[in-house]
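Trainee: Protein sequence lines correspond, in order, to chains D and E.
Mapped onto the working numbering, the consecutive letters of the first sequence carry residue numbers 1007 to 1310.
Mapped onto the working numbering, the consecutive letters of the second sequence carry residue numbers 63 to 434.
Check the hints yourself; a few may be wrong.
[Said to hold, decoys possible] To give an idea of the interface, some chain E residues facing chain D are shown, with a C-beta separation under 10 Å as derived from the structure: (1) 69; (2) 71; (3) 72; (4) 79; (5) 85; (6) 86; (7) 89; (8) 181; (9) 189; (10) 270; (11) 273; (12) 278; (13) 294; (14) 297.
Treat the hints as calculated values from the structure; they're not laboratory data.
Every residue, glycine too, gets a C-beta built ideally from N, C-alpha and C.
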Amino acid sequence: MPEIDIQHINKRFGKIEALHDINIMVEQGEVFGLVGPDGAGKSTLFNILTTLLLPDSGQVDIMGMDVVKDYLQIRQSIGYLPGVFSLYPDLSVQENLAFFATMYKSSVLDNMSLIKPIWKQLLPFKDRPAGKLSGGMKQKLALCCALIHKPKILFLDEPTTGVDPVSRKEFWDILKDIQHKNVTVVVSTPYMDEATRCDRIALIQNGNIIKIDTPNNIISNFRGHLYTVKMDDIFGLMQLMNQFELTCNYYPYGEHFHIAFYDEVEKALPAFERFLQDHGRQYGEIKPITPNIEDCFIELMQMS
Amino acid sequence: MRIILMLIKKEFLQVFRSPLLMSILIVAPMVQFILFPFTADYEIKVLDIAFIDNDNSTLSRQLIEEFSSSTHFRSKGMIDSKSYADQLMKADKIDFLVEIPLNFEKNVMGQQGTTIAITANAINTVKAGIGCGYVQTVIGDYLKETAENSGMSAFSDNAQLFTTNIYWYNEQMNYKNLIVPGILVILVTLIGAYVTALNLVREKEIGTIEQINVTPIRKWQFLLGKMIPFWILGMAEFIMGLFLMKLIFSITVQGSIPVLLTITAIYLFVMLGLGFFISAVAENQLQAMFIVFFLFIVFVLLSGLFTPTEGMPEWAKFINYLNPMSFYMDVIKKMVLKGCEFSDVKIQTITLSVMAVILNTAAILSYKESSK
């Protein structure tokens, strides 16, 4: 039996269809990523999974329990880290932890094992008001509070948004560590690079799931032939590209221009080069590259 | 039980750590008690008075002298013409004009009737009304005295009727006695509705309510965990108010204190319920503040603190049946000043209890809707 079984979930807010026929199965013990741009429906889905919001239709089972009927038992066995810091800023680190431990009918001492590595880092600040902690420390405290009752599943809604790259890496190491302690982790993120750290990911866009697979499978299933070229006026080229006849997919990628060809690469590549010369563009070497998860996401979005 | 105790502990920790809230809880009642009764005072301290003496006799001069010796009046002297007096009154220089007619002394001594014209500046109706009474008293007292001194049997023989008023339950007609218990009501209302609503909306604003919602605690546990601390604070505030009342104004509760505390406890539950309900409706602290402020003003104006409810039009009286503050104000006045028994305030107590049940039920239901 899957740990989380989501079947045909729909949710509307007025005229906006926030979620459309969502079907996901999350296995026990995996780190499952929900990847998509802002407004894709990630938070709505999270709110349904954490029993905060009722779906319009469909069925969600969490460890065999129904999110609508058995919400109290589910709340006892899941942990939730909301997107925004939401602990009491005027209570100290220790008081916040003790408070949430009690809310889950457990105590700080009973459940130290799961949070010990994180708690060690917080220990020097245990009497500081939570509102006066640094961003990274706040997040670690929030994580401790979400784990204090030894949940079987941990939900994290965009935990790394607005966090610096070093702290982000550290945070993912912590998540892996939690996974090894037999906790299923469901995490949403708008960052593509983080998606590769998940065991499996679901790509979500405009309330639709467009792909669920392991990051490696998604990358190896990239259908086009991807090339990168460095150039100055990418914006100018973007506007010209509609004059290029062959089937391709193109987008700016930092200082580079990415282009994926779909048929007859032998012909397409020289044709592209000629196109650039005809329009008098300055450009660097056109190199074939292995697609990363972001390239795959863009391709999947274009195709759906 | 452990959960509710923890919620209460958390609430108290937060209250004691918030310098703003603490100062509101401690300083606000003091300031209200010290400032409010003196500003909302209808007693007239000094009235400016001028005279037109057409008689210019010994008796008339003595009468004018009498006004100068009164602490309530400040004599602005003699005026020649009525038109000049009008000008002075328009310029707000004088509040009263006393015009003594020609042959005043002669008529009084001859035991014939006489008329003294008193003109009052009625821009401030309260001042004019009460002042007129003072002026009449001074004139009456003086004439009585004169009659007695001169051995005239005039007034006594003619079976003169002197009216004396006794104000029951507030013998000196001291307005502080009316206002101060009203402040108690305002205090309890503010703690109950205002502080509670703001506190709950703040949880919404900073997102902690979401973190609480994912825990398995029940809605009623959460609301009880909010209610008990603010109920305790409200009761503490009320008791502190009773002490301040005794200390500053020497007003002691005439009725039974246990009954008064019980009814206050019920009233607090009404206000807590209202606060919860508002917090369920409001999105942020600003909205909550406006709603409470609006209701508060309506409640106070209709409550009978400043003007007696009996004098209000029928529709206002009807609205007052929905105004918990007017019931409680009634109870407070009856218990503190009159020394009423529980049986005298039974209806108010029952009404408040019903209101408490309705508002708290509404609050719990609306909280269920707004989350789960």
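Trainee: Hint by hint, which ones does this structure get wrong, listed from lowest number up?
Mentor: Numbers 5, 6, 7, 8, 9, 13, 14, in rising order.
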